[in-house]
Amino acid sequence: MYLATTILLLVLITETILILGYSYVTQTDEFAKWAKMRRKLDKGMADLEKLNSDIAFTKAAFELRAKSVLWFFVHGTRTIIAFWYTRRAAFYLPKGWFGPAEWFLWMPLAPRGMYLDRNLVKEEKMCCVNIEFYIHHDVFMCI
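Letter by letter, the sequence shown follows residues 1 to 143 in this note's numbering.
Hints are computed from structural coordinates only; laboratory data are not their basis. Using N, Cα and C, we set each Cβ at its ideal position, and we do this for glycine too. Careful, some of the hints might be misleading.
Unchecked claim - Now the in silico label distances, taken between C-beta atoms and shown as ranges: (1) Asp47 x Leu20: 38 to 44 Å; (2) Arg38 x Val74: 50 to 56 Å; (3) Ala56 x Leu18: 51 to 57 Å; (4) Phe98 x Val74: 30 to 36 Å; (5) Thr79 x Lys59: 25 to 31 Å; (6) Met45 x Tyr85: 58 to 64 Å; (7) Ala32 x Asp54: 29 to 35 Å; (8) Glu49 x Gln27: 31 to 37 Å; (9) Leu41 x Leu3: 50 to 56 Å; (10) Ile81 x Leu41: 56 to 62 Å; (11) Lys40 x Leu10: 43 to 49 Å.
Take these sequences, add in the hints, and give me the full structure.
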């Protein structure tokens, strides 16, 4: 008899512990809580993605502006200086050092034999002006 009573008491104690251990929230309430947290998480993730795309757009715009400014300072100023000094010799060498190649070196803008930048615009009318200039002035060849 003691064995049956002991087993009954053990079963009652374990059932009581299980009943007290369960929360008094139903599965529907648990799912509602989970769904609410999931919606909050999804909203936060959407906000984060929008913020990331805005930051990426701003970064790309800044990089474009910065590269444009740097390009102008490097290449734009070089081009402006080249156009400004197209008819001035960089330095001169005595006439005749390069023989028949002198004629090609002075084309189209500078005195005969001047070094020309690859970015200069070559116009036919400038060659005529240089030829007249060179006929009237004895100039050293420059490279």
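Each hint, compared with the structure:
Aspartate 47 and leucine 20 have their C-beta atoms about 41 Å apart, which keeps the hinted 38 to 44 Å range intact. Range check, arginine 38 to valine 74: Cβ separation about 53 Å, and the 50 to 56 Å hint holds. In this structure the supplied range 51 to 57 Å holds for alanine 56 paired with leucine 18, their Cβ-Cβ distance being about 54 Å. At about 31 Å, the CB distance of phenylalanine 98 to valine 74 agrees with the hint of 30 to 36 Å.
Here the CB-CB span from threonine 79 to lysine 59 is close to 29 Å, well matched to the stated 25 to 31 Å. Between methionine 45 and tyrosine 85 the beta carbons are some 59 Å apart, a value that agrees with the proposed interval 58 to 64 Å. Taking the beta carbon of each, alanine 32 and aspartate 54 are about 33 Å apart, inside 29 to 35 Å as hinted. Restraint check, glutamate 49 to glutamine 27: a C-beta distance of roughly 32 Å satisfies the suggested window 31 to 37 Å.
Hint check: leucine 41 to leucine 3, Cβ distance near 54 Å, so the stated range 50 to 56 Å holds. A C-beta distance of roughly 59 Å is found between isoleucine 81 and leucine 41, which places it inside the suggested range of 56 to 62 Å. A hinted range of 43 to 49 Å holds for the C-beta pair lysine 40 and leucine 10, which are about 44 Å apart.
Every hint from the earlier list agrees with this structure, and none is contradicted.
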